[in-house]
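**Q** Letter by letter, the chains look like this.
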Amino acid sequence: NAGVTQTPKFQVLKTGQSMTLQCAQDMNHEYMSWYRQDPGMGLRLIHYSVGAGITDQGEVPNGYNVSRSTTEDFPLRLLSAAPSQTSVYFCASRADGFYTFGSGTRLTVV
Amino acid sequence: DAKTTQPPSMDCAEGRAANLPCNHSTISGNEYVYWYRQIHSQGPQYIIHGLKNNETNEMASLIITEDRKSSTLILPHATLRDTAVYYCIVRVGGGYQKVTFGTGTKLQVIP
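So the sequences go chain by chain: A and B. Start counting the first sequence at 1; every next residue gets the next number (my numbering). Start counting the second sequence at 1; every next residue gets the next number (my numbering).
Misleading hints may appear alongside valid ones.
[What the hints assert, rightly or not] Taking CB as the label site, the calculated pair distances span:
(1) Glu30(A) x Gln45(B): 41 to 51 Å
(2) Glu30(A) x Ser28(B): 16 to 26 Å
(3) Ser80(A) x Thr65(B): 47 to 57 Å
(4) His40(B) x Leu79(A): 27 to 37 Å
[As the list claims (entries may be wrong)] Chain B residues, not near chain A, derived (Cβ > 10 Å throughout):
(5) Glu14
(6) Ser41
(7) Lys52
(8) Ile74
(9) Gln108
Honestly, the hints are just simulated from the structure, not real lab data. Beta carbons: idealized from backbone N, C-alpha and C, even for Gly.
Next up, chain A with everything else stripped away, as it sits in the complex (with noise of 0.2 Å):
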């Protein structure tokens, strides 16, 4: 039983470059989330869904996108990086109010 799986750790993408943040979960949870972390700003809520082929935007969605075609994966999606995407992201599956966070990845955009 893994938990909640990111990859990868660590990223370093140039400015306008496109990307993918994969997050998989064992857990059988309906609900998953993107959160990003910057210094000083706590975890803030990117995006999330509540089962295969529901997503919604969270507190800062703009410049990201997100699709659940399974239960188990919730991928991250950047079209086209900025400086200001860099951050620490946290995906987290949910049963009640039990969060399983993922290890995390550091991305840089330069």
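Chain A is fixed; fit chain B onto it per the hints.
**A** Positioned in the frame of chain A, the structure of chain B alone reads:
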């Protein structure tokens, strides 16, 4: 979900009890109080939760006031490994409401 308010930072001497407060004055009757902590740059981890009764587990105790408008997380004997950011959130037990974590309380345990 109800909004929570926590002090941005606190210090605690090693071996002493750490008492972390959280205000949630707009909490609804069916909303639970959950505490998580984030050590260094890891993902947050669950600590404890409660509805209206005080709760205790191997990690901590949770004291919820009678009017449920505030709560306190107690780490009975803080160690250096308890240095972390502690988040208090409130939400209903089930359902699909989105939750924001806020900035939490940075607890520094001092040798």
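**Q** Confirm or reject each hint.
**A** Taking the hints in turn, this is what the structure says about them:
| no. | hint | in the structure |
| --- | --- | --- |
| 1 | Glu30(A) x Gln45(B): 41 to 51 Å | violated (21 Å) |
| 2 | Glu30(A) x Ser28(B): 16 to 26 Å | holds (22 Å) |
| 3 | Ser80(A) x Thr65(B): 47 to 57 Å | holds (48 Å) |
| 4 | His40(B) x Leu79(A): 27 to 37 Å | holds (31 Å) |
| 5 | Glu14 | holds (25 Å) |
| 6 | Ser41 | violated (6 Å) |
| 7 | Lys52 | holds (15 Å) |
| 8 | Ile74 | holds (20 Å) |
| 9 | Gln108 | holds (15 Å) |
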